[in-house]
Amino acid sequence: MRLKAENVSFAYPGNKGDADRFIFKNVNLELDSGKILAILGPNGSGKTTFLRCLMGMLKLTSGTCQIDGRPTSAMSTKEFWEKVSYVPQQRMATSSFTVFENVLLGRSGQIAFFGTPRKEDKEAAEKILEELGIIKFRDRRCNSLSGGEFQMVLIAKALVSDPELLILDEPESGLDFRNQLIVLNTMDKLKEKGISCIFNTHYPKHALQKADYSLILGGETPVFGETGTVVNEKNIEEVFGVRAVINEMQVDGETIKNIIPLYVTGKK
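The sequence shown runs 745 to 1012 under this note's numbering.
Subject to a maximum C-alpha distance of 27 Å in a straight line, what follows is the list of computed DSSO-like cross-link-like pairs (lysine-lysine):
{"hint": "1", "residue 1": "K871", "residue 2": "K822"}
{"hint": "2", "residue 1": "K937", "residue 2": "K822"}
{"hint": "3", "residue 1": "K748", "residue 2": "K822"}
{"hint": "4", "residue 1": "K933", "residue 2": "K827"}
{"hint": "5", "residue 1": "K949", "residue 2": "K935"}
{"hint": "6", "residue 1": "K863", "residue 2": "K880"}
{"hint": "7", "residue 1": "K901", "residue 2": "K880"}
{"hint": "8", "residue 1": "K937", "residue 2": "K779"}
{"hint": "9", "residue 1": "K937", "residue 2": "K880"}
{"hint": "10", "residue 1": "K1001", "residue 2": "K779"}
{"hint": "11", "residue 1": "K949", "residue 2": "K978"}
{"hint": "12", "residue 1": "K937", "residue 2": "K1001"}
{"hint": "13", "residue 1": "K863", "residue 2": "K827"}
{"hint": "14", "residue 1": "K901", "residue 2": "K866"}
{"hint": "15", "residue 1": "K866", "residue 2": "K933"}
{"hint": "16", "residue 1": "K866", "residue 2": "K935"}
{"hint": "17", "residue 1": "K901", "residue 2": "K863"}
Everything labelled a hint here was simulated from the structure, so no lab data went into it.
Turn these sequences into a full structure, and let the hints steer you where they fit.
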């Protein structure tokens, strides 16, 4: 699968003759199967808005989004969501469904209208719970889970439909150190299976460590490219207003990149 955005812009209409308020302008990017894209930027830079535009939840002011060369605007809702799954910002569950019941809802696109889950639907739900290491929560009520536990349930629900692209809105935000790693490592596992991932993040180091490509919003112009190229000290200072140092360390024979924030520069 190839996702492509060409000259994508979004603006809210101005009031009483005021100019339109652009959230982002002329974003261009491409993402192939089995690749991870991180979207970075300070609060209010349009990260979530950009995701909603990609998914057709908001209408673009200009530009086009395509999947495998076909404009997403020309795809039916069913066609689009057969290829894409979405994990929104949500940390605590209010649902009294069990984990298994909640994940099974992710198969609704494969179940006939007024139909009931088939054997293969239930097997798929069981399998994804096993793969994500949360089968132990199978029969627990979702509203009894921690934020990190429920986040993994949402990911399982998104993956049970076998998407080609998984979109996650700030999946690690608000989670503790361990659960952040679990979520980030899950994206690595999906990449190995050829599933593409797009995630919004407030953490530049997560992009540097996990993403093949990064899109930085909030500067004078959007910046897209290979993560090792665009997530650099200069762009971090210009976009976030933070002086930072990027260094490398060797851990178990692997080179790990890290970002150390030093001080606020006042440029933002």
